[in-house]
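A.B. asks: Below are the chains, spelled out letter by letter.
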Amino acid sequence: MPVTAALGILDGLQVVERDRSAEHQALQRLAAWCYQYSSQVCIPGDRPGLFVEAGASERLFGRPADLGARMERELNRLGYHAMIGSAPTPEAAWLAAHEGLHIAGKETIRRQLGPLPLTRLYLEHTRIVAMERMGFRQLRDLLRLPPRTLTRRFGPALPDYLDRLLGVRADPRALFQPPETFSSRLELPAEIHVSQALLFPLKRLLEELCGVLRGGDTAVQTVCITLGHEDAEDSRLELGLQSPTRDSARLMTVLRERLERLRLPAPVRDIHLRAPRLLKFSAGQQTLFRDTPADRQQDIEQLAERLQARLGRGAVSGLAGVEDHRPEYSWRTRALDEPSRCIALAHRPAWLLPKPRRCAIENYEILAGPERIESGWWDGRDCRRDYFIVRDVHGSMLWAYREYKPRRGWYLHGIFA
Amino acid sequence: MTDKTAIDRLLEATPQLWKGRQSSRGQPVVPTGHARLDARLPGKGWPLGAVTELICGNPGLGELSLLFPTLAALGEQGQWVVVVDPPWIPYPASLYAQGLCLERLLLVRTHDDKESLWACEQALSCSRGGAVLAWPQRIAFPRLRRLQLAAEAHAKLAWLFRPASALEEASPAALRLQLEAGDHRGMRVRVIKCRGNLPPEPAWVPGPFSVYAKQPYQTREHALARHPLSAPATGPVYPWAERPEYSGCDQRYH
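Residue numbers (the working numbering), protein chains in the order written: chain A, 1 to 417; chain B, 1001 to 1254.
Derived from the structure by calculation, the hints contain no laboratory data.
Don't take every hint at face value.
Said to hold, decoys possible - To spell it out: a stretch of chain A is covered by chain B in this simulated footprint if at least three of its residues, at any positions, have a beta carbon under 8 Å from a beta carbon of chain B; those stretches are:
#1 298-309
#2 319-328
#3 341-350
#4 396-407
None of the values given here were measured: they were computed from a predicted structure.
In this text, a Cβ means the ideal position worked out from N, Cα and C, and glycines have one as well.
Please put together the full structure from these sequences, using the hints given.
C.D. replies: This is the structure:
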């Protein structure tokens, strides 16, 4: 129907131009998403749809009809409307999808698809018009004729199509290969002004991502989100995780914390979610009782992610020793996956003051010492000190030193807590 | 057992029963590692799945060394210890020497008290087991109660180091201890509050260097000065108020 005719029938019709490249990209993403249900997914280049082989995983996902219903439900949640049907051959499945049919065996294809009008067949329009002129109305009219007659009348393409439809001839297809990265863009129907409101569309994108991850048996550690604004620079968000995951709930907790602290410079028009690197997923063994060291490690990693999402990257760290005689250089923070090597020094305080504090030693009682520390001539922070354990009038045990180099004087440096 | 009376059996069967000065049996505990302290504490140890408040007016009395045996044991068991906003820099070599497992030590740095308590609650409600240490300056009763509930739900050990002013506040914590500087016997640990019992007599726990206090290496006359680590009298009195600024790996203090 031409646009003008449609406009004539329905007043206030909104005309949207078909975006073939967006359609193609969506099919690519959905193919990756479907990969979680079947290892044989095919994107036919000539029509907007997907072929998914469902027979091999029947024991896992149930009959094709059940799998179809499940996929339809989940696609709906991702914001897609799917028409699903199944049949033993791809061409028959294509027709079945348009009718919402599930055809179990090859022998019933003829019966179930026979009454279909010719216009439904996946054939060139001119050919269908030609056949209709000859008096053919339904598929079964064509199936009744011997192939030779068909070839003579319509050329070899038609019997070939019918053979593939009925499964007489094999119909091999190029299989889809899952991609190495994930990228999905969502144009928002209305601009979003509040960062919290982004949660819902982002959830949809994350679920799509996680479906793709399950399909390819991969996981992500970093997810980049770009928020497009009408008249401001794009906002970028990066969700970093401590370990690879494909659990959308885990990504959502991190996202929720990030969004809570996000200030939007302008209303958001579109969202672009990217996973630059898909990593191999290793599930590890799941135990019945979640109390193994590996579980705790996982829980702590998730805690660290939650804290980092709200408090910033530097907020969470481990502690490690550094081999240096000067106490102020003998520690550092470390990432959680770094090993922590350390030497043991028993007679050292548990706390170090961030900056040694000048003190008057007359106010303290010296209990033990001295311990000479002389080091650092090679890096320009040369020092020579004598450390003492001292006690103040309140009974606090402190670590003080007398410095000879670079500045003479007494300093407090630690607390024996 | 034949000589068991009906009362004994009843007592055993109902741990919730209040038994006067006897320790309450329902609460699971973790030994403190200090025999004298264990002897005084109800249940003979730190209450598991509960908040313990350590009220300590001055630092350096041995408040951390009170925890070292327990923290070391947790490390051995593969449990994590989360330290939220430590007031000073933890010295790895010293902690390691005390048996702590640095691999399973998580440091959390926040910007203010509100975030600190939030981080604390998050840490308490993650996973089962393990310990959380925090130094809240001020904490409202309902907030503390939430921490207590989170600790209970996840079988955590939680220690809050509180300033002396906390003594005047009511608290839902399961155990409150006041630490005081002692003499050569060590630090005096006074039980302010414990569940289901009257607070017992104070215990003496050897401090880090109480042995030196008996035979001082060198004595100097010292004046009764203000505590050197406390802030000026106009500002917060408690030295905890100061937060050392360290966050990144490369950012060391000079």
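A.B. asks: Of all the hints given earlier, name the ones this structure violates by number, lowest first.
C.D. replies: Result: no hint breaks.
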